[in-house]
Amino acid sequence: MLLNGTGEVIDDHEYPATTEELIEEYGDRTLELPNGSETVGDVLARLASETFENPEEARFAVYSAVSDKAVGRVGYSDRDPTPVGSPYSPDAVSF
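Going by full-length UniProt numbering, the first residue of the sequence shown is number 1, and it counts up by one from there.
Since the hints were derived computationally from the structure, they do not count as laboratory data.
All C-beta atoms in this analysis are idealised placements derived from N, C-alpha and C, irrespective of residue type, glycine included.
Any given hint could turn out to be false.
[What the hints assert, rightly or not] Pairwise CB distance ranges (calculated):
1) F95 x D68: 38 to 48 Å
2) V84 x V9: 47 to 57 Å
3) E25 x P87: 29 to 39 Å
4) Y63 x S89: 28 to 38 Å
5) G41 x V71: 52 to 62 Å
6) D78 x E25: 13 to 23 Å
7) N4 x E57: 39 to 49 Å
8) D91 x H13: 11 to 21 Å
9) P83 x D42: 42 to 52 Å
10) R59 x S89: 14 to 24 Å
11) A48 x S94: 52 to 62 Å
12) G27 x V71: 34 to 44 Å
13) D12 x S37: 14 to 24 Å
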């Protein structure tokens, strides 16, 4: 995810700050994601109204609220076994 300078302005913002204040100030900034882009306003609008005590809290809120446009393959996990019947499952081995 490319914050396109948004991280720096969030860091420089005066805290505490509310979700609404950040949307008003930085809502039109674009975040470049692997599968598209969205604005900070769209991202933060997904959250309940909150007061951020420091820049780190605000950054984590942005990171946690981005859509699936920030995910490479939706639902993919290299840690889960391949589901039975999947066309990607390996050939069965008989002993």
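Structure-based check of each hint:
1. In this structure, F95 and D68 meet the distance hint of 38 to 48 Å, their C-beta atoms being roughly 40 Å apart.
2. For the hinted restraint 47 to 57 Å between V84 and V9, the CB-CB distance of approximately 49 Å keeps it satisfied.
3. A hinted range of 29 to 39 Å for the beta carbons of E25 and P87 is inconsistent with their spacing of about 48 Å.
4. Separated by about 33 Å at the C-beta atoms, Y63 and S89 satisfy the suggested range of 28 to 38 Å.
5. For the pair G41 and V71, the supplied restraint of 52 to 62 Å is violated, since their beta-carbon distance comes to about 20 Å.
6. Against the hinted window of 13 to 23 Å, the Cβ-Cβ separation of D78 and E25 comes to about 39 Å, which falls outside the hint.
7. N4 and E57 have their C-beta atoms about 20 Å apart, which leaves the hinted 39 to 49 Å range violated.
8. For the hinted restraint 11 to 21 Å between D91 and H13, the CB-CB distance of approximately 55 Å leaves it violated.
9. The hint said 42 to 52 Å for the Cβ distance between P83 and D42, and at roughly 32 Å that hint is violated.
10. In this structure, R59 and S89 break the distance hint of 14 to 24 Å, their C-beta atoms being roughly 39 Å apart.
11. At roughly 54 Å, the beta carbons of A48 and S94 sit within the given window of 52 to 62 Å.
12. Checked against the hint of 34 to 44 Å, the pair G27 and V71 fails, with Cβ atoms roughly 23 Å apart.
13. Checking the proposed 14 to 24 Å range against D12 and S37 shows it holds: the Cβ atoms sit about 22 Å from each other.
Hints 3, 5, 6, 7, 8, 9, 10 and 12, counting from the list given before, are not met by this structure.
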